[in-house]
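Per numbering that gives the first Met the number 0, the sequence shown runs over residues 0 to 129.
Among the hints, a few may not be true.
Label-pair ranges, simulated between beta-carbon atoms [unchecked claim]:
id: 1; residue 1: Asn53; residue 2: Asp33; range: 30 to 40 Å
id: 2; residue 1: Gly106; residue 2: Val50; range: 34 to 44 Å
id: 3; residue 1: Val50; residue 2: Glu29; range: 28 to 38 Å
id: 4; residue 1: Ala13; residue 2: Asp73; range: 34 to 44 Å
id: 5; residue 1: Ser89; residue 2: Ala34; range: 31 to 41 Å
In short, the hints are calculated from the structure, not lab data.
In this text the structure is predicted, and so the values were computed from the model without any measurement.
Don't be surprised by glycine CBs; every beta carbon is placed ideally from N, CA and C.
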Amino acid sequence: MDRLRKRRDFLAAARARKRAEQGLVLQARERGDDAPPRIGFTVTRKVGCAVERNRAKRRLRAAAAEVLSLAAKDGYDYVLIGRQATLTRSWPDLLTDLSRALAAVHGKGERTGHPSRPKRSDSGKDRPHG
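Construct all of the structure, not just a fragment, from the sequences and the given hints.
What follows is the structure in structure tokens.
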């Protein structure tokens, strides 16, 4: 699987579908071509020092090799974002998180927001002032 390396590709994926699980966040963008899937990894400083961030990235790369190598769709860009739980989550749970996130971004609903929060259609005009 090819890697995402350009900032614009990461930003495009951030504007597309996403699914947060306890151990990771998955962003997926359909490119509109039939090229093989590409994948990128990112872990912010919020997760920990450089050693911990690198460990989180290694775990994400290994999980992607197991799960995405079988289930990724052609024509998609995927970005895996590490969380603090990426470091402590058990290996089977991390693989389950990635599988669930992948199923959600490719699901029929296509809606990626929180299910209990309906999208606002107005600009808050009917909200009481006070």
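Legend entry - Numbered hints the structure breaks, given as an ascending list: Hint 4 contradicted; others consistent.
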